[in-house]
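**Q** FYI, full-length UniProt numbering numbers position 96 of the sequence shown as 96, with every residue one higher than the one before it.
Please keep in mind that the hints were generated in silico from the structure rather than gathered at the bench. All figures in this text were calculated on a predicted structure; none of them were measured in a lab. Hints should not be assumed to be uniformly reliable.
27 Å max Cα-Cα, derived BS3-like pairs, lysine-lysine [stated by the list, open to error]:
1) K58 x K123
2) K53 x K118
3) K26 x K83
4) K35 x K58
5) K28 x K123
6) K118 x K87
7) K83 x K53
8) K83 x K123
9) K28 x K53
10) K87 x K28
11) K58 x K28
12) K58 x K134
13) K147 x K123
14) K35 x K118
15) K53 x K26
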Amino acid sequence: MPLFSPIVCFGYSLVHNNQIPGESMKRKLVPDVVKSQELILVPEDTSVATVSKMMADKNIGAVLVVDHGALIGIVTERDLNNKVLSKDLDPSSVEVGAVMTRNPDSLPPDADAVDALKLMHDKHYRHLPITQGKRAVGIVSIRDLFKVAYEHLMAERAEA
Numbered sequence: 001m002p003l004f005s006p007i008v009c010f011g012y013s014l015v016h017n018n019q020i021p022g023e024s025m026k027r028k029l030v031p032d033v034v035k036s037q038e039l040i041l042v043p044e045d046t047s048v049a050t051v052s053k054m055m056a057d058k059n060i061g062a063v064l065v066v067d068h069g070a071l072i073g074i075v076t077e078r079d080l081n082n083k084v085l086s087k088d089l090d091p092s093s094v095e096v097g098a099v100m101t102r103n104p105d106s107l108p109p110d111a112d113a114v115d116a117l118k119l120m121h122d123k124h125y126r127h128l129p130i131t132q133g134k135r136a137v138g139i140v141s142i143r144d145l146f147k148v149a150y151e152h153l154m155a156e157r158a159e160a
């Protein structure tokens, strides 16, 4: 029996730091890129079926896996597809611990958006955990970074 409920959800909202025009790519992951987020954390004995339903309900592409609050893995849509569905495994009998990426790369909240973008580009990630020490505090997606890049390019266009 898990030490805490199979699904732990909490929300947070952070105040946006004003940026100087043209400086938008120097944004910090938190709070400049990830401003408000409902973070979904699960223990590794959660079934793939449960996580898949949660991801669909919340319209998210990844869930962080924790042990007593410490990040131990990440499970993504790609993991579910490539390691469970494509192998005709029963999602209700497979635990996320068996299909997650263990010890994922992560960045601290004060990392620059460019650092996250480079890591995600170089390693072909679509989601990257944000950690404070070992504790999961957020997740940044390629869509979040795309929005920052788009805003940066639109600001450049307006200045021209």
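**Q** State for each hint whether it applies.
**A** Do the hints match the structure? See the list:
no.: 1; hint: K58 x K123; verdict: 26 Å, holds
no.: 2; hint: K53 x K118; verdict: 31 Å, violated
no.: 3; hint: K26 x K83; verdict: 36 Å, violated
no.: 4; hint: K35 x K58; verdict: 17 Å, holds
no.: 5; hint: K28 x K123; verdict: 20 Å, holds
no.: 6; hint: K118 x K87; verdict: 32 Å, violated
no.: 7; hint: K83 x K53; verdict: 17 Å, holds
no.: 8; hint: K83 x K123; verdict: 19 Å, holds
no.: 9; hint: K28 x K53; verdict: 31 Å, violated
no.: 10; hint: K87 x K28; verdict: 39 Å, violated
no.: 11; hint: K58 x K28; verdict: 25 Å, holds
no.: 12; hint: K58 x K134; verdict: 25 Å, holds
no.: 13; hint: K147 x K123; verdict: 20 Å, holds
no.: 14; hint: K35 x K118; verdict: 20 Å, holds
no.: 15; hint: K53 x K26; verdict: 36 Å, violated
When the structure is compared with the earlier hints, violations turn up for hints 2, 3, 6, 9, 10, 15 and for no others.
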